[in-house]
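> Here is what each chain is made of, one letter per residue.
There are 2 protein chains.
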Amino acid sequence: MASDEAEVLAVNAAFYGAFARRDLAAMDDLWARHAGVACVHPGWDAVRGRAEVLASFRAILTSPSAPAIFVTRPRATVLGDAAFVVCAESVDGNELVATNLFVREDGAWRLVMHQAGPIARREAPKRTPPTVLN
Amino acid sequence: MASDEAEVLAVNAAFYGAFARRDLAAMDDLWARHAGVACVHPGWDAVRGRAEVLASFRAILTSPSAPAIFVTRPRATVLGDAAFVVCAESVDGNELVATNLFVREDGAWRLVMHQAGPIARREAPKRTPPTVLN
Numbered sequence: 001m002a003s004d005e006a007e008v009l010a011v012n013a014a015f016y017g018a019f020a021r022r023d024l025a026a027m028d029d030l031w032a033r034h035a036g037v038a039c040v041h042p043g044w045d046a047v048r049g050r051a052e053v054l055a056s057f058r059a060i061l062t063s064p065s066a067p068a069i070f071v072t073r074p075r076a077t078v079l080g081d082a083a084f085v086v087c088a089e090s091v092d093g094n095e096l097v098a099t100n101l102f103v104r105e106d107g108a109w110r111l112v113m114h115q116a117g118p119i120a121r122r123e124a125p126k127r128t129p130p131t132v133l134n
Numbered sequence: 001m002a003s004d005e006a007e008v009l010a011v012n013a014a015f016y017g018a019f020a021r022r023d024l025a026a027m028d029d030l031w032a033r034h035a036g037v038a039c040v041h042p043g044w045d046a047v048r049g050r051a052e053v054l055a056s057f058r059a060i061l062t063s064p065s066a067p068a069i070f071v072t073r074p075r076a077t078v079l080g081d082a083a084f085v086v087c088a089e090s091v092d093g094n095e096l097v098a099t100n101l102f103v104r105e106d107g108a109w110r111l112v113m114h115q116a117g118p119i120a121r122r123e124a125p126k127r128t129p130p131t132v133l134n
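As you go down the protein sequences, you meet chains A and B in turn. Each residue of the first sequence is one higher than the one before, counting from 1 in our numbering. Each residue of the second sequence is one higher than the one before, counting from 1 in our numbering.
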């Protein structure tokens, strides 16, 4: 039997697989049925609610400009019946960082929250630490 | 007795209070001791581990350019002994969106993950939904 961590990483990989294949049925299957879900696409305000989140993915995945995407450096942390993965996303060659939150529902790990944002290597963000940390 | 949701929102508010006051001791107190923590500051790659996350906040909060910050529109979802809040942040007048993940440890809700990113209202992000959703 796979560990919780391995199971969560498998579901995380399935999320990016569904995204990459533009597989809306698989995407629908991955999101929680009971818990309230939310999603923050890069640069966008939060989308809240299962129907709204799936509509946002439908719009992205059926767009002619749907990006090529794959996941790297995933790391899972299990917190009982919830778990989160922090990972990097390669989206049309740009690197983003994402947090995916999962909950165990009816014996399966399902997504409840996804937030992704760009890594701006060459810009000084507002909340940047200084270069010298003592 | 406050509901879990109210307790989580109070800890979420305490996080932004510590940030606004540049109160490193309060910030330290807010983060989980046992669970593995991670943090994604806007535009930055993930920071992993309690010492590293707190060092990143120390660098931000002791910088002369530490931003003015306050939280708006927080919404909490409780998932047993974990919970997440999606909220907006006003940072030096710019609006960001953030996800904060909490875990119940030793009877208190503590932060395990924070990710914030800008809302880019005037730019078309890579993963933008089209304007017309059918």
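Hint data in this document are derived by calculation from the structure and do not stem from the laboratory. The model shown is predicted, which means the values in this text are computed figures rather than measured ones. Honestly, I wouldn't trust all of these hints.
Covered stretches of chain A, going by a simulated chain B footprint (3 or more residues, C-beta under 8 Å) [what the hints assert, rightly or not]:
id: 1; region: 9 to 16
id: 2; region: 36 to 46
id: 3; region: 79 to 90
A short list of chain B residues far from chain A (calculated; beta carbon distances all over 12 Å) [said to hold, decoys possible]:
id: 4; residue: A6
id: 5; residue: G17
id: 6; residue: D81
Yeah, the Cβ is synthetic: ideal placement off N, Cα and C, and Gly gets one too.
> Confirm or reject each hint.
Against the structure, the hints:
1. With 0 residues bearing a CB less than 8 Å from a CB of chain B, the region 9 to 16 of chain A misses the requirement of three and the coverage assertion fails.
2. For the region 36 to 46 of chain A, the stated coverage by chain B is satisfied: 9 residues place a CB nearer than 8 Å to a CB of that chain, which reaches the threshold of 3.
3. For the region 79 to 90 of chain A, the proposed coverage by chain B is satisfied: 7 residues have a C-beta within less than 8 Å of a C-beta in that chain, meeting the threshold of three.
4. Taking the minimum C-beta to C-beta distance to chain A, about 16 Å, the non-interface status of B/A6 holds against the 12 Å cut.
5. Every CB of chain A is more than 12 Å from the CB of B/G17 (nearest about 16 Å), matching its label as outside the interface.
6. The Cβ of B/D81 sits about 5 Å from the closest Cβ of chain A, inside the 12 Å cut-off, so the non-interface label is violated.
Checked against the numbered hints given earlier, this structure breaks hints 1, 6; the rest are met.
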